[in-house]
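Quick one: dock chain against chain with the hints and give me the complex.
Order-wise, the sequence lines are chains A and B.
The numbering of the first sequence is our numbering, which starts it at 763 and goes up by one.
The numbering of the second sequence is our numbering, which starts it at 138 and goes up by one.
Be aware that one or more of the hints could be misleading.
[Said to hold, decoys possible] The calculated label-pair distances, taken between Cβ atoms and stated as ranges, are: (1) B:E471 <-> A:L896: 44 to 52 Å; (2) B:R278 <-> A:R868: 29 to 37 Å; (3) B:A331 <-> A:S840: 43 to 51 Å; (4) A:R878 <-> B:E465: 26 to 34 Å; (5) A:R868 <-> B:S466: 34 to 42 Å; (6) B:A331 <-> A:R868: 39 to 47 Å.
[As the list claims (entries may be wrong)] Just so you have them, the derived chain A footprint on chain B, three or more residues with Cβ under 8 Å: (7) 145-151; (8) 367-373; (9) 419-430.
[As the list claims (entries may be wrong)] One-sided excerpt, in silico: chain B residues whose CB lies under 10 Å from chain A: (10) G414; (11) E465; (12) E469; (13) L470; (14) E472; (15) A473; (16) L474; (17) P475; (18) R476; (19) E477; (20) V478.
Hints in this document: simulated from the structure, not taken from any laboratory.
Don't be surprised by glycine CBs; every beta carbon is placed ideally from N, CA and C.
Given next are the chains, with one letter for each unit.
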Amino acid sequence: MNPHLDRSIAALRRRAFQGSFLGHLLRGLALCAAVIAAAVLVARVGFLVETRTAALGFVALLLVPLVAWQRALRAVPSRATAAAWLDLRGGGSGALVALDELGDPRWEALLERELRAPRALPAIDVRSPARRALCALALAAAAVLVPAPAPHVGPPTGVQAALLESVEEQLAALEAEVELEPDVALELREALERLREDGALAEPEAAFEALDRAQERLAQEAYERAELAHVAQQALAETAADAAQDPEAAQAALERTLEQLAAAGFSKDVRSALEVELGLAGVELPPGARLAAQDIQRLSRELAERLAARTGGLAQQGLLDAQSLAKLGELAKLDGFAPSAHVCDEECRQHECDASCRAGGTCTSQGRCHRAANGGAPGRGGVSRGRGDAELTWGEETPGAVDRFEPRTLPDARYADPEHSSIVGLGAAAPVVDARAEAPGAGTVQASAGEGAWRRRLAPQHRAAVRTWFGPGGG
Amino acid sequence: MKADDSLLPSPDEVAAAQRTALAILEGLDRTLYGQAELTRLVLTGALARGHVLLEGLPGLGKTELVKALATLLGLEFKRLQFTPDLLPGDVTGGHVLEEDNGRRRLVFHPGPVFTNVLLADEINRASPKTQSALLEAMQERRVTVLGETRPLPHPFWVLATQNPIELEGTYPLPEAQLDRFLFKVEVGGISRAALQSILTERSWGRPPELRPAADAARLTALFAVIERIHLPRSVAAYVARLVDATHPKSDLAPEQVRTYVRHGASPRAAIAIAEAGRAHALLSGKPNVGFDDVRAVAVSALGHRLVLDYRARLDGVSGRDVARAVLESVSELEEALPREVSGAR
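Just chain B, with the same shape it has in the complex (with noise of 0.2 Å):
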């Protein structure tokens, strides 16, 4: 840690890394239009140098999401598109026998894995064995083969994209791997005028033609200035209250999480709500998370790290609906103010 971590960006620096994240934002609302709050959450997730799982059904512009990202980010993009017969050797890459000069050695052909940003096509078509492949990069982002490990290039992403588990033919993503996401969006159908908008002014949907807006230079400032943003311990407090209260033994969890929650977020959703928290707070701006941002991110961080009952699934409750139940109940003061203080939270 440096002896200047504690304090805050200047003005301009802050100033100077929200406009290069804003662009890269501008870029994603003009492929995406009318998911305004969708193309704000993934930009945050990748300033937050976490891996998004993008949910919705097929045609929503998921994968043109990521693709556009991937572009304005300038960074080397791959795509995988999960099938039932992808094995994770197809993920990882793996060695093949080679000759040369005579002499024949096992030489590693890198996966598709080994890229700045992997687009996980329809991630839950694969079998759970191959989807485990990809649980060494997210986490450590660094790949073993054959006893032989192998860093991923930094940054490293995955934004991986899935259907609803409801359609047939997926195998829903394990605990441990959804545990690894930072956020889990979903991709919510677009309104009229946007579907309006996609017809007259694209010929065939097509997006249009996305420069970089940042490069590895500006990447790296941005990611140092997110870094120095300041949390403040209310807002840590805040934080660690609301996680703490996804547990059902809590005293400050809600009905909701105590009937339909079998274990609550790990301290990684914390780790998760307070960065993605600096990547909200700078797109906002701020040398400083707040009270605003925690709010922002924690449903999509929360939510997809809640195991539910079977209670849950009889009643059509989602992780999300149990996140925002925690959301409307902890109180972002950690200690009341006096009952007679009317207005008082």
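Next comes chain A alone, as it looks inside the complex (with noise of 0.2 Å):
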């Protein structure tokens, strides 16, 4: 082999592998980076994964050398195109890849002179692969530096807000019955905080259950008091009862009853009831006194009304639910709480329709608070098949149905019409006609059952007239 021609070849081979080798290694790194500058970027803005950890990713371009060493290792022309590269440079006269093969001394003068003809080395040219390889590292760096916009903290979602305000309105009302233990009532009101201020940043599923747990914390404490009522009216309306036979005993039995109200937060109801019977202003007996049975009796009774009148006021407020006063459905049956005490009058529908209208909708006569699809608006449809109230609008009708329905006179039909007739056939004879037969809408079909409108005679000037109402495109 000649040491001049294996040169050339070997810088032909090593200059083909550099330029593929930048070629690959350009065209890896625009791809990879721009698919992990990509997927950084979802994980910061869309799963809020910090940008350290994010870039890790940028990691994986460490591997895109390698694969470019090996595929540019593979691209390297074999010694036989390097060869036949070279003599193409020269003209192509074969001597190189002809003396390459059988290598005959003989020749060596001619692969001499053909070796002497100037022939560059191709140049690496890499531009393009650079330029995405720059987009693509641009589109990385910003994919790390661009800021990732900071959790959105605003108010709570409506209906969110809706439920929380309906809870604090539950609170309040309960608040407003009985008195709660001032731990419980602060647990209460921290934890309606919390929900108002965190409501928007965690989880929609994760709010609902915080309110609802807040809703039946409220709906059991409702309930314990209530019960608790209803055993003391129970207990008042036997002290009541043994009054007459047995003044002390019921006088000892009205004093555990009044405790036992005072602990369980019904004390405005005792301190009031004492003060409007007894004209006392504490929640207890005063030691040593002694009542008569009818004072007794008295105070029971109102106690026992005022116990009614507070469990149906935690009921319309829809602390105690259906369930609840099921439960508690001896209440009924005392004085004071009678059932036409919970019923909700014109005033009292009118309010629950207001306040369960406060989000949209318009109150009904039922007192039913009634919003409709798509944002109420006429016509806009809905389960109810649109709206009675949308109003009709004329004057939008198609313009083809208005001209083809314009009245217009058409032409007689009576037979032998000249100037509305045309020829079908000539004949030697004249042709005979049944007039009588001929004249559209005749007598001569039976009109029975219905079929004498079905089977007029339709005239052939007329055809088209109606064509325009029944044929194709027609109305």
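Printed below as a string of structure tokens:
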């Protein structure tokens, strides 16, 4: 082999390797950097992954040179191809490839002459992949440096806010009816405050679960109070009944009930009852005081009425559901807690309707809040198949339909009207025509059982007009 | 195959053979003014021992060129004017009943095909039947008449001329016969300067007297050298790709081939390009076939071997046009250099 030729071939193969390596490297960098940058961006913005953690994805770029090296090795041309390329650069005489194959020393002079011809090695051009790689690296930098948007802190969503407001109203109602223990009241208030502040941050499901828990807790507190009131009412009823026979025992029972009611948060009612009936200001009878049987009976009834009113108030505020009321069904039999006390009158229904329509909707005459679908606009559909109060608008009819149904006078349909007839055939003899039978709407057709309308003869002159109504494209 | 067949011919051998070939070429150029490419292609075909079909309008010197070649080669030459009423027996010869000493017997009288250089003038004026009489002679270099096979002299060439088939009274050569011609060369018009030279230097356009530039021994040596011209693997692969690209279903086929070609070139076309490339390389004094030699002969070797469809005729596209498109589209390199290396083909 000619050493000069060997060197030329080796140089060309080396140059091809360099070019291929650079090309694969830059293309690989561009592709991988773009993909990883997109992933990093999504991770940072979409999943709130920390920048440092997300940027670890760029470590995968270290594999690109290795892959490029492997692929560049495969792209190196064979010796024969390199010799052919050099030969073609010199005009394609075939001398280099032939002498590279055979290596005949008798033709060394020809080989040297061929090799003396100037053959510049091909230049490496990686401008295009370099541009793409630069763009991808810029994207990668942007993916890391662009500040991720801060989590949005805002008011709770509409439904959450409405529910939270409802729970707060229930808490206020419960506190208005009974005196809660300070720690219980504080706990409930703090829970609602946390929901108000962090509701938007939390997952919707978690927020709703917390609201449900708060509601259940309020309902539980209300039920416990109602149950205590129920038991107290029964005890008071028995006390009132026994007062005439054993005033002392009745007074002792009354005092125990008073203590229990005060402890259960009904101090206001106890105080009020004592003040009304006995002119006392405390929540318990003075030590050594002896009450008459009539006083005990009056006090017991008064207290029972107040407790019944209190329980009714809890029910009106929605703190006692149907199930709880069923459990406390005996309350309805007590004096002062008649069912009529819980029947919502017109004013009450209006009040409830206004409350429930606060988020939108209109109150019906039955006191129900009607929320129409799609914003309540007329004619926007919904489960009720639209609304009857939608306005009927005129003047937007299809123009074609208007023209089609425009009234016009049809030609006379009598037989033998030359102006509106056409020749369908010629014969030697004059046609025999039954003018009566040919006339439109003639009586030859039996008009029986509705057939008359269907079988009326249609004059040819009128068919075009009928087609505009019933023909293709007609109305 | 000889033991040293794989070795290149020596520089001296190549130089001697080239001198002989160039002497013949010089004689051809003296006969036909201003047609250097034509004479080089005709000589290349002759040196490759292939038959050549010359196509051109009357009066362009086709017959004179063939006569000059036969003279320069120093070989026997016969001319056969093809006409519509020419019969196959007029070409191959036939048996004639003769009486000798009272005995009658059939004696074979050789036809004009029994020669070294046969000028088949206006070959497309004969009927296809008569044209086909040349098939065996061209391919097998022998003639069979009444079951008796007779070899033709060695070397044997058919140099045929034909008028463009658009002219009336012509019969297009069948594909099988076209395939047997190594080259189909179009004889074009000549320049005004060449015309002036003919007018000023020749009386009645008569060509100069030529003397043979070769004899049988020289020709044998010439052919021996041509046989040893080396065909490198890279060049052979290029030839194979070129022929493959003439097939419409090939992945190398350019758009023109897919559009206009019904059947691509046969393997005989690849052999023709290789052999013609050897002869062309010898004319350049090279011991091997190069890419440039292939490019020089490919169009003439491929053009008439392509079977074109009706769209080619409608669009006025010839086989040579398609062959040029193939030559432009197929890369000489079997394996491309990486695309990042600019200037790589």
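Minimum beta-carbon distance criterion (10 Å), E469 of chain B to chain A: It holds, given that the least Cβ distance between E469 of chain B and chain A is near 6 Å, below 10 Å.
Whether chain A covers the segment 419-430 of chain B (at least 3 residues having a Cβ closer than 8 Å to its Cβ atoms): holds (count 9)
Coverage assertion for the segment 367-373 of chain B with respect to chain A, Cβ distance below 8 Å, three residues required: Holds, because 5 residues of the segment 367-373 of chain B bring their Cβ atoms closer than 8 Å to Cβ atoms of chain A.
Interface restraint verdict for A473 of chain B against chain A (beta-carbon cut-off 10 Å): For A473 of chain B, the interface hint holds, since the closest Cβ of chain A sits about 8 Å away, which is under 10 Å.
Distance restraint hint 44 to 52 Å, applied to the beta-carbon atoms of E471 of chain B and L896 of chain A: Once the Cβ atoms are compared, 35 Å apart, the range 44 to 52 Å for L896 of chain A and E471 of chain B is violated.
Hinted contact R476 of chain B with chain A - closest CB pair below 10 Å: holds, 7 Å
Supplied contact hint for L474 of chain B, tested at 10 Å Cβ to chain A: holds, 5 Å
Interface hint compliance - V478 of chain B to chain A, C-beta minimum distance less than 10 Å: holds, 4 Å
Chain A covers the segment 145-151 of chain B, three or more CB atoms within 8 Å, holds or violated: Since 3 is at least three, the answer is holds.
Hint validity - E477 of chain B Cβ closer than 10 Å to any chain A Cβ: holds, 4 Å
Range hint compliance [Cβ, R878 of chain A to E465 of chain B, 26 to 34 Å]: This hint holds: roughly 30 Å between Cβ atoms.
Whether the CB-CB distance between A331 of chain B and S840 of chain A falls inside 43 to 51 Å: Given range 43 to 51 Å: holds, Cβ gap about 47 Å.
Comparing the model with each earlier hint shows violations of hints 1, 11; every other hint is respected.
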